[in-house]
Amino acid sequence: MTGDIWQFAYIIAALSIIGSIKWLSSPVTARRGVLAGQGGMLLAVIGTLLRHEVINYEWVLICFFVGAAIGAPLAFLMPMTAVPQLTALSHAFGSLAAALVGTAEYYRYVGAGHAATGFTMTALVVETILGYLTCTASIMAFGKLQELVPTRPITYRGQNVVNLVLLAVAIALGVWMIVEPTPFWVFPAFTGLSLLFGVLLIIPIGGGDMPTVIALLNSYAGAACAAMGFALGNRLLIIAGSLNAASGFILSVIMCNAMNRSFLNVLFGAFGQVQEGTVAQASTRPVRSATAEDAAQIMSGARKVIVVPGYGMAVAQAQHKLRERTDALTRRGVEVEFAIHPVAGRMPGHMNVLLAEADIPYDRLHEMEDINPEFAEADVALVIGANDVVNPAARHDTSSPIYGMPILDVDKAHTVMVIKRSMSPGFAGIDNELYYMDRTLMLFGDAKAFVGEIVKELPAH
Amino acid sequence: MSTEVEMSIYVLVLAVPLGLQLVQRVSPLLHTPLMSLTNAISAISVVGAILIAGSGEAPRLSRVLGCLAVTTSTINIVSGFLITDRMLKMFRKKDSGKEHGS
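Those protein sequences? They're chains A and D, same order as listed. Mapping of the first sequence onto my numbering: residues 9 to 469, in sequence order. Mapping of the second sequence onto my numbering: residues 569 to 670, in sequence order.
Rather than coming from a laboratory, the hints here were simulated on the basis of the structure. Yeah, the Cβ is synthetic: ideal placement off N, Cα and C, and Gly gets one too. Some hints here could point you the wrong way.
Stated by the list, open to error - List time: in silico BS3-like cross-link candidates among lysine-lysine, alpha-carbon distance up to 25 Å:
| # | chain 1 | residue 1 | chain 2 | residue 2 |
| --- | --- | --- | --- | --- |
| 1 | A | Lys312 | D | Lys657 |
| 2 | A | Lys312 | A | Lys420 |
| 3 | A | Lys30 | D | Lys657 |
| 4 | A | Lys456 | A | Lys312 |
| 5 | A | Lys312 | A | Lys464 |
| 6 | D | Lys661 | A | Lys30 |
Unchecked claim - Computed footprint of chain D on chain A; a stretch qualifies when at least three of its residues, placed anywhere within it, have a C-beta under 8 Å from a C-beta of chain D:
| # | stretch |
| --- | --- |
| 7 | 56-67 |
| 8 | 75-88 |
| 9 | 181-188 |
Said to hold, decoys possible - Label-pair restraints from in silico Cβ distances:
| # | chain 1 | residue 1 | chain 2 | residue 2 | range |
| --- | --- | --- | --- | --- | --- |
| 10 | D | Arg660 | A | Leu174 | 45 to 55 Å |
| 11 | A | Glu155 | D | Glu574 | 25 to 35 Å |
| 12 | D | Pro627 | A | Arg372 | 56 to 66 Å |
| 13 | D | Gln592 | A | Ala457 | 33 to 43 Å |
| 14 | D | Glu574 | A | Val36 | 35 to 45 Å |
| 15 | D | Met575 | A | Glu188 | 26 to 36 Å |
| 16 | A | Glu155 | D | Glu572 | 40 to 50 Å |
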């Protein structure tokens, strides 16, 4: 009986992991969720170390230390704007682990000279292919987010055919390995193709689609983990992996809906929607611009101000100035709310984290569906570093690439202010008709500096 | 089909809908921490990595790969949980009394 302690440890670990996601549903209990997750993971590790199959401890412990020594600084040193990159990198490490275990298991069977059952082999193949492709895809996503790799979609003729053929060959090799013992070169070739496919999968996807991609990679990493559970006959892995796969899947569906793209469209990269470098030339139509003083005057006279932050705000590090301004306005009795588009920022929910970091209370942050009816009664809508998510063309211009995408109804506000560096088009390269409306005031300048000036002008009145 | 396999499939078909249910109830406010938490949880593959790295009978190649896998999954676990907690610490509710500087 005592030999089976690990089984109880696994059961409790599975319960803790389920609890950890349940507690994450509200900010009040969320940190308890992390604690439960950590506890579950610790139990799983200790339980595994107690299993009688594990006899070599030194190397395992050394690897723990090395891993922790790399992982901890990563988590502490990364700025909050870089959380998407860190998550992508983390996925790369996690899925590499899954793929390596698959590889190691494969060579264990080869070395032992007895074939695995078809079922185990199938699970191993699925685990390995998902692991390797998620690994390189995550590294590519990391590169695009960090702008080490061009963020614009890189496309060429016949791209989808090449990708699909590559995947088909990899799957064919996988099936061959399942059916019968294969020559020496097959497994390395299978590995190489999976790695290559991961790279090619991300190349045609633009930087703007990264939130969806990261969520999807999250899902793949979970699926790889569940497949490992089948290969090893380990139910804890199946439970944790499926939870993760489900979570990534839901998040990527939410992201797809927020961008009005079909799931298949994102799944197969730029499938059918090759953006033909539509570099919108900066239009020469007249705009109204205003100074910080004008803006401060209008805002201090307002009853309700809705702020629409975009990733540009985070890049300019304007969120702390924004909080000062929010506090100043709140003291004057102005109601300040924040409207968060689901794809604001570079991963699901990213903008909320950035604003929370600047100490903006989370009950001031509102989702798109909740805040949209309120724009009509807002005196000022202040857009900072957001572009496509407030472009009214998405509503009526069928020729626009973003047509049909749900947007924040900023144009319904009494006055619209847009803080922007220049008139150059945004990430997706689409011109924004919001800027040319009569009610729109363009505030040209660096977001942080400009908000700072508004704060300075405020108390004077 | 062996009972082992059958059991595993039962677990899968129960766990997926459970995951969908649980995740749908998470507020969009916390979607980033949700992602980094599930990211850390997916590194439970460390279990498989330990089993092969610590095994006595696996060939040397497999054990080396296993050790690498223990290292990379530990990176994933540690960074995933720490960053999640770091993010969640920042979420606070309206007016916890104090006024903010300047």
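Just to make sure I understand the rule, a stretch counts as covered if three or more of its residues have a C-beta closer than 8 Å to a C-beta of the chain. Does the stretch 75-88 of chain A meet that for chain D? Our answer is that it holds, as 10 residues pass the Cβ test (under 8 Å) against chain D, meeting three.
Do the alpha carbons of A/Lys30 and D/Lys657 lie within 25 Å of each other, as the hint requires? holds (18 Å)
Holds or violated: are the alpha carbons of A/Lys312 and A/Lys420 at most 25 Å from each other? Holds - the C-alpha atoms of A/Lys420 and A/Lys312 are around 13 Å apart, at most 25 Å.
Holds or violated: A/Lys456 to A/Lys312, with C-alpha atoms at most 25 Å apart: It holds: about 22 Å lies between the C-alpha atoms, which stays within 25 Å.
For the pair A/Glu155 and D/Glu574, does the Cβ-Cβ distance stay inside 25 to 35 Å? For A/Glu155 and D/Glu574 the Cβ distance comes to about 49 Å; the hint is violated.
Lying within 45 to 55 Å: is that true of the beta-carbon distance D/Arg660 to A/Leu174? With a Cβ separation near 48 Å, D/Arg660 and A/Leu174 satisfy 45 to 55 Å, so the hint holds.
Taking the Cβ atom of D/Met575 and the Cβ atom of A/Glu188, is their distance within the range 26 to 36 Å? This hint holds: roughly 28 Å between Cβ atoms.
Just tell me: holds or violated, for the beta carbon distance of D/Glu574 and A/Val36 against 35 to 45 Å? holds (40 Å)
A/Lys312 and D/Lys657 were given as a pair; does the straight-line alpha-carbon distance stay at or below 25 Å? violated (29 Å)
With the threshold set at 25 Å, check whether the alpha-carbon distance from D/Lys661 to A/Lys30 stays at or below it. holds (20 Å)
Look at the Cβ atoms of D/Gln592 and A/Ala457 and judge whether their distance stays inside 33 to 43 Å. holds (41 Å)
At least three residues with a C-beta closer than 8 Å to a C-beta of chain D: is that true for the stretch 181-188 of chain A? With 0 residues in contact (Cβ-Cβ under 8 Å with chain D), the coverage given for the stretch 181-188 of chain A is violated.
Checked against the numbered hints given earlier, the structure breaks hints 1, 9, 11 and satisfies all the rest.
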